[in-house]
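Chains as they are written, first to last, in this note's numbering: chain V, -10 to 243; chain X, 1481 to 1800.
In case anyone wonders, no lab produced these hints; they're calculated from the structure. No residue lacks a Cβ here, since even glycine has one placed at the ideal position from N, Cα and C. Please note: incorrect hints may appear among the correct ones.
[Claimed, not checked] Straight-line distance between alpha carbons at most 25 Å, and here's what the computed SDA-like set of lysine to any residue pairs gives:
1) 238(V) <-> 1758(X)
2) 238(V) <-> 1702(X)
3) 238(V) <-> 1788(X)
4) 1658(X) <-> 158(V)
5) 14(V) <-> 1617(X)
6) 1657(X) <-> 99(V)
7) 1658(X) <-> 1521(X)
8) 1784(X) <-> 1765(X)
9) 37(V) <-> -9(V)
10) 1658(X) <-> -10(V)
11) 203(V) <-> 1615(X)
12) 1587(X) <-> 110(V)
13) 1587(X) <-> 1648(X)
14) 1619(X) <-> 75(V)
15) 218(V) <-> 1609(X)
16) 218(V) <-> 1606(X)
17) 1734(X) <-> 220(V)
18) 1619(X) <-> 198(V)
19) 1483(X) <-> 1640(X)
20) 1673(X) <-> 1787(X)
21) 218(V) <-> 1541(X)
22) 1587(X) <-> 1541(X)
23) 1797(X) <-> 232(V)
24) 1587(X) <-> 198(V)
25) 1632(X) <-> 1775(X)
26) 218(V) <-> 1773(X)
27) 1784(X) <-> 243(V)
[As the list claims (entries may be wrong)] Covered stretches of chain X, as calculated for chain V (at least 3 residues, CB under 8 Å):
28) 1516 to 1522
29) 1585 to 1593
30) 1614 to 1625
31) 1731 to 1742
32) 1775 to 1781
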Amino acid sequence: MNIIVCVKHIPDPNLPGVMDGFRLKREGVQGVLDPGDEFGVEAGLRLKEELGGEVTLVSMGPAQAQEALRRGLSMGADKAVLISDDSLRGADALVTARVLAAAIKRGAFDLVIAGVESTDGYTGTMPATLAELLGVPQLTFTTAIEVSDGRLRVRRQSADGYQVVECSFPCVMTVTAGVNEPRYASFKGIMAAKKKPFEQLSTSELEVEPDALKPGQEVVEVSLVEQRKAGEVLPDDGQGAVRIATFLKEAKVI
Amino acid sequence: MAKVWVYVEIANGKADATALEILTRARSLDAEVSAVVLGPGATGVASELGRYGATTVYASDDPVYEEYIAQPAAHALHELVVEHGPDVVLFATNYDSRDVAGRLSAKAGAPLMSNASDVTGPSTATTAAFGGQTIVDVKLEGPLKLVLVRPKSFDAEPSDGDAEVISVKAHIPDELKKAKRVERHAEETSGPKLEEASVVIAGGRGLGEAGNFKLLDDLAAVIGNAAVGATRAVVDAGWVPYAYQIGQTGATVKPGIYLAFGISGATQHVVGMKGASKIVAVNKDEDAPIFSFADVGVVGDALKVLPQLIEEVQRRKGGP
Ligand SMILES: Cc1cc2nc3c(=O)[nH]c(=O)nc-3n(C[C@H](O)[C@H](O)[C@H](O)COP(=O)(O)OP(=O)(O)OC[C@H]3O[C@@H](n4cnc5c(N)ncnc54)[C@H](O)[C@@H]3O)c2cc1C
Ligand SMILES: Nc1ncnc2c1ncn2[C@@H]1O[C@H](COP(=O)(O)O)[C@@H](O)[C@H]1O
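All chains should be modelled from the sequences, with the hints used to inform the complete structure.
Below is the structure:
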């Protein structure tokens, strides 16, 4: 089974975001493998352990994104492909999907795994767009994965509970946090990762029209909104509950 | 005049509430507003969509749209878009709509903007960044634009409009019938729905353990018309079901009063509750971000304050 896992390198979400003009600054800031994508890597590794095959990581991002791929390789993925090109700065979800689709189509695939949404952009649509470009169905918002009789059978989160969805290969699947417990990279894994195949490509090495790489949306203005003001914050001297109850009474909810 | 379309998701024969909010907003733009609704019950909700602002409703009751994920709906929607040429299609940020919008973006080569908090015209929309501290105006290009709008961005208000219903007769090829929904499970909830309650009582990791959520249930019961919600941290920990989650990847609530117990106020949580009219927070850390915008803040132990509050509310209501 050829399993592809899409992984994104993002600015460390635990540090405050820095703007570079109208964009989130991505280069020269501390970056990490998107924590949401660790679930995707883990899902890929488990399916490989169950069914055999190979796990290939694919990412589009600045050269620094190598770090994220290295981390996925240390967890156990077999090889990695990074598409990095200055012309891709400011790419939107459609452009990203076109680039990743072109990279994935260079080889055979049975399953493409991605996160439900990235932690920095949380667009949440790239995988569905990718599925359409690859001409395959999609299983989204997956919270549990099972393979039986050569078909995927997954739990899909829904507004009021969950659904069970079945699908044959090939397809695209997105995973939620909580679908599994991502493994840590062992020291051995980290050493082994250094020797694994790693390919870096520019867009000229892919079958995509330059016109298809122009984002169709643009930020034209960024403004600060007036913030809500803090009310009275007081230590609980035993009267905290009374203060809240009085507030509820004044608001006429009790 | 610009053509603004709204894609309406349908579940259990009911039109999605967010789509009605979006229709209300679309109606206020200088545009011709149409709705597309696909799946069992579609024609049944068409007149409601007319009341909320659509003058034309493209509808199909075919179960194929419900049975298979995204592919049939994206196919039919794409055919309609090619035939009628709308300037923009607006979608609610919901599970199925997100999947359909993503596929349509590829089919039509159309830009897709996510997380919009307002739509100001056929090619302009705004989104909130950094937990709502910043507003970003986005311009979309091309003949067709797609925008996913966050729930509760607008209030849904009916008018006396009426829609012409046009039946959608798309042929769905078999190769698009792959990802099949075979079971549906709804979690049981009692009391008002999180999105509809006038008081929301939410708990976070600061409550210490799953069992302490009972205190929130008890408080909700004495207040009345109150629902209990949670942060992702405690949903991920398995204390409460996912349906409780408020925030970026959960429900968006806009109650009259929001009470937060043991919640830090992370931006991803805040985007789901900042529309509350009033916010009350109890947290033992005086530097917790939630205090920077709470109307009433109590620095203390939620597990001490909660039982006292339940008693105090009961007393004031003259209860048992
Ligand atoms: C892509 C992405 C999407 C996300 N989506 C969501 C989402 O939809 N919703 C969401 O909620 N989060 C979301 N998060 C997670 C979010 O970033 C925070 O991690 C989460 O909201 C924190 O939950 P919390 O406030 O319960 O926990 P913590 O941040 O751990 O805060 C617990 C608080 O409780 C206080 N406390 C401890 N003990 C007590 C006590 N006895 N009495 C009173 N106070 C006490 C502490 O001082 C602390 O402030 C998302 C994160 C990512 C990366
Ligand atoms: N530049 C990228 N490179 C690789 N994968 C990506 C990239 N952008 C998005 N993805 C994948 O798509 C998922 C959803 O991202 P998004 O639609 O941007 O919120 C992420 O969790 C990743 O798995």
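Proposed proximity, residue 198(V) with residue 1587(X) (alpha carbon, max 25 Å): holds, 16 Å
Proposed proximity, residue 110(V) with residue 1587(X) (alpha carbon, max 25 Å): Within the cut-off at roughly 22 Å; holds.
Satisfaction of hint between residue 1617(X) and residue 14(V), Cα-Cα up to 25 Å: Holds - the C-alpha atoms of residue 1617(X) and residue 14(V) are around 18 Å apart, at most 25 Å.
Proposed proximity, residue 1648(X) with residue 1587(X) (alpha carbon, max 25 Å): holds, 19 Å
Chain V over the stretch 1731 to 1742 of chain X, status - at least 3 residues with CB closer than 8 Å: holds (count 3)
Restraint status (C-alpha distance of residue 203(V) to residue 1615(X) at most 25 Å): Given pair residue 203(V), residue 1615(X) holds - Cα atoms ~24 Å apart, limit 25 Å.
Pair hint residue 1657(X) and residue 99(V), alpha-carbon separation not exceeding 25 Å: holds, 18 Å
Pairwise hint evaluation, residue 1640(X) against residue 1483(X), where the allowed Cα distance is 25 Å at most: Holds: residue 1483(X) and residue 1640(X) sit about 20 Å apart, inside 25 Å.
Check of the stretch 1775 to 1781 of chain X against chain V for coverage (Cβ-Cβ below 8 Å, three residues minimum): Held - the stretch 1775 to 1781 of chain X has 7 residues with a Cβ nearer than 8 Å to chain V, which meets the minimum of three.
Given coverage of the stretch 1516 to 1522 of chain X by chain V, tested with a Cβ cutoff of 8 Å and a minimum of 3 residues: Answer violated; 0 residues pass the 8 Å Cβ test.
Restraint check for residue 1673(X) with residue 1787(X), where alpha carbons must lie at most 25 Å apart: At roughly 24 Å apart (the allowed maximum being 25 Å), residue 1787(X) and residue 1673(X) satisfy the hint.
Pair hint residue 1587(X) and residue 1541(X), alpha-carbon separation not exceeding 25 Å: Given that 25 Å is the threshold and the Cα spacing comes to 23 Å, the pair holds.
In this structure, the hints that do not hold are numbers 21 and 28, in rising order.
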